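This is what each chain is made of:
Number of protein chains: 4
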Amino acid sequence: MQYFNVMDYEAPAQARMNAAHWDYYAGGSGDEITLHANRAIFDHIRLRPRMLVDVTTCDTSTSVLGSPVSMPILVAPTAQHGFAHPEGECETARGVGQAGTLLTASSVSSRRLEDVAAAASGPLWFQLYVFDDNTITVDVVQRAEQAGYKAIVLTVDVPRFGNRERDLRNAFHLPVSANFDVPDVTKLKPSLTWRDLAWLKSLTSLPILVKGVLTGEDTILALEHGADGIVVSNHGGRQLDGAITSLEALPEVVEASSGRCEVYFDGGIRRGTDVIKALALGAHAVLVGRPVLWGLAVNGQEGVRHVLELLRNELELAMALCGAPTLKQITPTLIRR
Amino acid sequence: MQYFNVMDYEAPAQARMNAAHWDYYAGGSGDEITLHANRAIFDHIRLRPRMLVDVTTCDTSTSVLGSPVSMPILVAPTAQHGFAHPEGECETARGVGQAGTLLTASSVSSRRLEDVAAAASGPLWFQLYVFDDNTITVDVVQRAEQAGYKAIVLTVDVPRFGNRERDLRNAFHLPVSANFDVPDVTKLKPSLTWRDLAWLKSLTSLPILVKGVLTGEDTILALEHGADGIVVSNHGGRQLDGAITSLEALPEVVEASSGRCEVYFDGGIRRGTDVIKALALGAHAVLVGRPVLWGLAVNGQEGVRHVLELLRNELELAMALCGAPTLKQITPTLIRR
Amino acid sequence: MQYFNVMDYEAPAQARMNAAHWDYYAGGSGDEITLHANRAIFDHIRLRPRMLVDVTTCDTSTSVLGSPVSMPILVAPTAQHGFAHPEGECETARGVGQAGTLLTASSVSSRRLEDVAAAASGPLWFQLYVFDDNTITVDVVQRAEQAGYKAIVLTVDVPRFGNRERDLRNAFHLPVSANFDVPDVTKLKPSLTWRDLAWLKSLTSLPILVKGVLTGEDTILALEHGADGIVVSNHGGRQLDGAITSLEALPEVVEASSGRCEVYFDGGIRRGTDVIKALALGAHAVLVGRPVLWGLAVNGQEGVRHVLELLRNELELAMALCGAPTLKQITPTLIRR
Amino acid sequence: MQYFNVMDYEAPAQARMNAAHWDYYAGGSGDEITLHANRAIFDHIRLRPRMLVDVTTCDTSTSVLGSPVSMPILVAPTAQHGFAHPEGECETARGVGQAGTLLTASSVSSRRLEDVAAAASGPLWFQLYVFDDNTITVDVVQRAEQAGYKAIVLTVDVPRFGNRERDLRNAFHLPVSANFDVPDVTKLKPSLTWRDLAWLKSLTSLPILVKGVLTGEDTILALEHGADGIVVSNHGGRQLDGAITSLEALPEVVEASSGRCEVYFDGGIRRGTDVIKALALGAHAVLVGRPVLWGLAVNGQEGVRHVLELLRNELELAMALCGAPTLKQITPTLIRR
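Here the protein sequences come in this chain order: A, B, C and D.
FYI, my numbering numbers position 58 of the first sequence as 58, with every residue one higher than the one before it.
FYI, my numbering numbers position 125 of the second sequence as 125, with every residue one higher than the one before it.
FYI, my numbering numbers position 10 of the third sequence as 10, with every residue one higher than the one before it.
FYI, my numbering numbers position 284 of the fourth sequence as 284, with every residue one higher than the one before it.
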């Protein structure tokens, strides 16, 4: 079989995986309204391409918090890659490195963050869940810094786990993470507040990105409390069902950030044209989650690499067809409002 | 079978019930446009959740017209619970009490209001239909007060019964109510006007809520004529087909009430996220009808309790995920317009 | 079988009729976009009902150009009732009379206008198609006046017949009309202009309604040229496919008419709530076409009577549930914009 | 079989063609969102027809860049007519001539442009793709002028070929063009810019139309650089998937052109009412692509002629039913916004 776009990987991935594991990856919370809306919103945004621009070379390379990457398409943190491949996140890291881009390794992982770092050839960020026991946070943040991760991505939209009914119906429970000894990784610290950002910053010299912001108000709070970047995200439709789509939230976050930090985007990216839409609305780069897992399940590191390469190629083509050969030329005027 | 949300109770309830009785509960009027719109509108309202608020404790308890309840989710008046359970409203009252909330007992009941009061452990309101014969109204209002009901909920949207074609096709007729000797409970007093509120108030010291208001104009009239609260409702899509959805009507009622009374909401609540949307748009609490009947049909008082508990848990989770640990923090800024 | 609403007559009517005749009645032009839009638009208009108005008596009676009728629901002109019933328009006229309302007899008729008048007990209008041969127009207008018709309804939206592909596929041709000797009734006078209204008025003392107006501009022209009333209509979606729906056109016609004439509405009425929506948007009365033919096909005059009675009952109920017991109380505030 | 509209030709054409060739004609790029949106948008635009205008004669004839044609419906450039008919573009040219209108011959052709010109009885335009090798462009432009083509239509929306996944799945490759010796016609010159227009103009005395403009900004650039006309087009949904529909882009192009050049339209025309909508929004004429190929595949030149004649007849009928017997009377007031 040939894979001409990332969706081509979805059904073969499902066919290769345990059903409950698949549902854990694929599902959203509640009625999955936000899960589906994340995708549907892209089709309502129309592009206004420009013609007769020299697009001999379309350059997708950029840097994210200073790390050079081959494309403004990063890998979002997703849990337990061992469900998709025996080598887990190590295998993912190899494929991501081959594609020349960045992997955000999840706290909730089948492999230790040090092993992932050892397998990786490209830059890494570390996604952080904060548990009640602060020693775990201290430990994991310092280990991540030591292992060479370039940033901490603090997930802020999980004071409690969302109501993922597929998991309930499957009686599925997340296994323990290879990263730390927390028996139930779905019990996070519900008292975490913006003030804790200062404490986190005291633990590490790494920049801290805040992932899960959906409003201008929280953008301002994040910046006031020292965040070094923001990831606009509704956690792939897995937390608050009925939450605004990431793409609808993006403009107000971008506006509130006033260029004071890099704004990232995650939620529903499946096409290069999706990427260009998010960039035109102000994202510095996008993060992709499920498609990477599909590639991993189907074909290991090569599948991961190919999924990312497909997206990069589609983005490059979209840039050419939009008359925007550099990322800087991707501006809001590309969007029909 | 396990029930993970209130919709899980729907099909099993239908399977246990007489078909005509089911249709009476489930149906709307005319083409059931308003019935379906009541639900669909919720999916078009998107939430703007706030992050990194301390949500260790999310408190759903509140009071309604002074009665403390465990959640801002009350039980709407629905007729003839005997269709769902041999113990009828008495069984419902037990389950509602176990959930720590309030039952609005219907005039058109399988059990006498005194029996319902005896079975109840939580607060009760009494829903009132006014018939041509004033002695019935006098009798029932005074009995309700004597039996310990805390308020009279005057239904104002039934000058005539709606055109419920399922009932016509089933040749279904509502049985007589256990509460009074009215041979045809679908023949109400069509000459009832706002001026009659004064007379009703003269019959009782209980507060009077007006249920069925859908406009700002009628909100103002209700308050001018002494109403102590308003229930925004289109009678579950069973009266005027094509009527505005309750959720669309809510903001104009809230605005017209200017905080002078508590505004309640009824129409289409199936999820905790629906509750938080209605509260954010200004409802003091919501009323739930059909899901309670589903729980009753499937599992008696335990089913009633569980349906309400599911909604309370979902609301609590939604509050946590919205960064609104108290009901007071649920404000219009939570809503994407 | 029992018929609880007018749609209940549709399938049984089709079952009793010749397929090509059915298609002639049922079809629209082109892709039938306007045909379907005429219906769909009603479901997007929501009502704002008012409560606690004395609706003991809801009076649907009115007068149309001075003729008293039992309801603001008239019968639209439709061709060749002989397809539905051997007695054709005479049978229709009997049923319409029993319902106490008005029939607009079509130029293109299975029975002579004089026979229809003889069968009718209620008021009649005569729908006029103008052919190239003026003597036919002179003849038929004068005969209509003599036979007691109360108005001429000049159809203005058929300079050519619409592209009704069902008829083409069926190789269906309209038979000659019983009213005059025109071999091809689909060849009308394409040079008819507003100036011809003066000539028409010179032929008769009857008021002249202009049927098929969809714009404010033409409303003004119609009034300038002496029209005594306007029927907003897109010919049931049978002329210009893609034309604006009648309900969308109604407000601009009403506004342009500034109360200088009665404005009628035709296009998609199937429910009493549809009637109240059109009246709230400014129609003086509505005309119903296809449902009357369904009643005629299924049960002759009794079917016609019942279809109209169903609509009248639904309108009366809608008035009660909207708190508008008189037609005068049906105003634009009933509509959610 | 009889063909009552152009869609009637679609399935029979597919039945006669090689599947990969059919997919090449029928497909769009990516998820085919723009392909489908091009059609769907027409159904959301509603017409405001005017009545009682003398429409005895509806004149569809016009001239395009000075060439008289029987209708404002031209044939869009499409590649490789040999897929549909052994005589290829020569056969098409015969049918187009019989219909009295203009063919835009594609650079990528089954027959040489000189042969097409020899077969044609009506006016011709030549669609130009610019390759890296300038001698090809010089050659083909001069040959087109010599062969009597009336204009050069420079395609500007193909710096790279779109992502046409049907072709990828079919492993389909465009054959070489009969017009020139370019081994891979999908490799165009990506460095082409507005400045190259001056060079193109230096090669020929023919007017140059720019095809593929979708924004007001590019309209202004085109005029500044000497374009003699613009074709609003998204290449039939085959280039940038997610691009604005042609019909949405048309008004801003018309506005930016300020009447300084003729604006043509292409994208989704299937009905005479589609034509009148595009004209009302400011198009001077429309171009039709796929339906002409369907006619060609089914019935050669006669099929081509009939498809065009069907559209002309539908346009004429739409003009009559809109009260616009001349093209000049088709103005923006015909459109409901």
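I should point out that these hints are in silico values taken from the structure, not numbers from a laboratory.
Note that the structure is predicted; figures quoted are calculated from it, not measured.
One should not assume that every hint holds.
Since copy identity is lost for identical chains, a pair holds within one copy or between any two.
As the list claims (entries may be wrong) - Derived lysine to any residue pairs resembling SDA-like cross-links, with alpha carbons at most 25 Å apart:
#1 K187 / D43
#2 K187 / N313
#3 K328 / G216
#4 K189 / G216
#5 K328 / A147
#6 K328 / S191
#7 K189 / T326
#8 K150 / R336
(request) Report the numbers of all earlier hints that the structure fails to satisfy, in ascending order. (result) 1, 5, 8
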